[in-house]
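Student: In order, the protein sequences belong to chains A and B. Heads up: the first sequence begins at 1 in the UniProt record's numbering, then just goes up one per residue. Heads up: the second sequence begins at 1 in the UniProt record's numbering, then just goes up one per residue.
None of these hints come from the bench; they were simulated from the model. Small disclaimer: the values here were computed from a predicted structure and weren't measured. All C-beta atoms, glycine included, are put in the ideal place defined by N, C-alpha and C. Mixed in with the good hints, there may be bad ones.
[Unchecked claim] Partial list, computed: chain B residues near chain A (C-beta under 7 Å):
#	residue
1	Leu41
2	Cys44
3	Glu72
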Amino acid sequence: MNTVDASEHYELGATDLAPSLLTIVIDTNPHAWDILEESLPLSKAIANILVFINAHLACNYANEIAVVASHTHKAAWLYPSQTLSHSTDQDGDISMSTDTTPQPNKYRPFRIVEDQVTRNLKELMESTTPDHLRGNTSTMLAGALTLALSHINRRTIAWAEEHGGANPDDAPAEGTAPSNRYSASNEDEKLQSRILIVSVSGSSDSAHQYIPVMNSIFACQRLHIPIDVCKLSGDAVFLQQACDATKGVYMSLAEPRGLLQYLMMAFLPDQRSRRHLVLPTRVDVDFRAACFCHRRVVDVGFVCSICLSIFCEPPPGSECLTCGTHLDAGNYNSKPALLPRKKKKKKKVNGASGAGTPISVSTPGS
Amino acid sequence: MASATSRPLEYLEGLPGTTFYKLYQQPSTALAIFRRMLPDLAKCFVMALLYQKDPLPTADLEIWVSSDSKKERDNAISILGRLHVLSTTLTGENVRAYVLTNPFAASLRQALMGAEDSQSFGMFSRAPEHLQTSVADLDEYARQQWEGVMGYMVGTSAFSGQRETVNLSKGVKQLLQAGHLVELRGNRVDITKDGFGFVLQDVNTQVWHILILYVESAEAIGMDSVEVLSFLFLLSSLELGQSYDKSHLTPNQTRTLADLTDFGIVYQNDADPTRFYPTRLATTLTSDSSALSNPVTGSLTGPAGQTGGSGSGFIIIETNYRLYAYTSSPLQISLISLFTNLKYRFPNLVTGKITRQSVRRAIEMGITADQIISYLLSHAHPQLRKHSAAQPSNKGVPASILPPTVTDQIRLWQLERDRLRATAGFLFKDFTSLAEYQAPCQYAAEIGVLVWKSDRKRMFFVTRHEQVAMYLRNQKAGGR
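All chains should be modelled from the sequences, with the hints used to inform the complete structure.
Tutor: Below you can see the structure in the form of structure tokens.
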């Protein structure tokens, strides 16, 4: 009789484990890679990442991969490449000939990914002109993230349709309570997606994209897609927040040459394995935001009471730049009178049970 | 997972270490074993260790895994050890550490990076193709052959005369007999208890079952089992729809190829003897059972002739035990009739009812309740899946696809008959102190081999003793 109990009904259903889709966003900003040239040139990093991709594909027959390059002036697909149709004229012959050359020493799916990634990356680099680089030292992280998200969304719906496991009508969740609960309940049966950002650019460069980046982060949070960040140089404020919000892994590599080992150890486990592992987490996340007016990263700022937009200084004309509400900044910068309050506080502490009142806590130190 | 992976895993575990050494020389084998045989956590361990120069101290690995998942960790390490992938060494500071065994690690690295001239992933046929063989053709061929084998076992040709019978070679029939899946009684082919269990499994498990049988029988007729096995793993890494050159194969491999053609695992065109095509049965060998829900493999299990379409399921079962199967395949109908009282048959639909009587009949034939349930589950109609996906779950457990009342009742009907269960294993007894008894007993429970224990008698019973013995030895060494 022991074999018939509540836990056993579900045993069979849970065995059909969904594959995972890993989307890698590679920051290909030439300015940043130039700084890294000494320790880890781009070519070497790409070679390491390709081995990592193969390892991911090796884990499960149905695992999928997508690679996006976040370049200085645009975000581009490296794999799966979508510009295959236009290059049939000249590149058609080349791709045909690579197809027929026997390469028995490599598992074919691995080779296809490698070929496409290297070819597309080369094309991207060749199409980059000095004009693009002049005066633009940042990377199109927001665009790359959005591309990655749309790909994940498309694959999730397609996968659910193929397998009939989930209702495709429910898949594009609109954030309503029942659909959220639905997506949480069937975590194991959905396509397991996650995003890995290999980042090299500093935070000051991407501050001007603050709003789109944060929006994509919140989208990931809602869809339960973890964002992992592998930081090769510098330290980006928003990416720390991204990992923190989506429960991803954030690692700033002390030694970029060991990239492959870091990737294999910390970033390869998928969501299912992560439940069993202790992963590197950050305690000291930098939660600073960028202001909406000058895209500066601010410690202390002004917040519109209607739409919660952040400003580094009172907006011109006291009107919120986002929602247009007239704001009354009050007598900002005036020092509060301290003496009478001190007296009041003492009295209160003696009188009441000693719990700190909100007034006494909120007094600024100066 | 148990039904899907255990059979090949059990067979491989039984092989001696030297066989593994030979097997792991091939990158394709290392990749296939890594992908197919290991649990998720074990894969993480392997990948973490793969590019590390120094062995990983055991304590570090223990820290890496969260404390709640001790059972999963021990299970993963146990499987890795049994497959001779992971071994323990002592580092310079005399600390016990894990390291990947060498031919395996080197081959897996080779598989990932692609290096050296191993020709491990098959030679494409370079000759221009005269006869184009499409993926659909291959699927059709695989389906036909595989259904032919199943039909031969169940004996469908007897009750549907209009079906074209697939010519099964003598080798296939002999193999089925050698595996005790069928018995020959005079002129009649009778399916055995094992055979009933076999036909109800999903295709992927069936293919593995047959292949293991094949490897076992290959040894008997003088072929090297390592060569056959590594060839099978090579097949699993080939690409569907591509033709491969036969001239690089050894005579034994060519012979294997011919035998596998009969099962529909590979396809050879009579007009062009220089090449062969792997079918989907071969290329999905290293995937999980989820390949079953793949639309085209679905045509193998689903209604005959209906390729494509979404999902492979065709069975709807209701809470009142009524069963509707949208199929016209004689094979599927005869399978369903094994445990159902069929009532009506329409051109594309059969209906029936699962009753106590019909389930008892099936169980008397040697079919287990789990087999019936897993058959129903793997062929569940997309509508059923959709329904369960839309159901709110309780406490994070997803709603089951089949009605729980039905699955429970099928199990209860089996329990009415089954009161004893035999498990082969080893008894540990005569512990001097309670503490000495408790530690290994707990360890056995953690690695999942414990079957029974009695605290009063200080005895416990396990299915596998090697690791418990190892544990006891380590304890002894540590104690002194």
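Student: Hints first: check each against the structure and report whether it holds.
Tutor: Hint check results:
1. Leu41: Holds. Min distance 6 Å.
2. Cys44: holds (5 Å)
3. Glu72: Holds: closest Cβ of chain A sits about 5 Å from glutamate 72 (chain B), inside 7 Å.
Every hint, counting from the list given before, is met by this structure.
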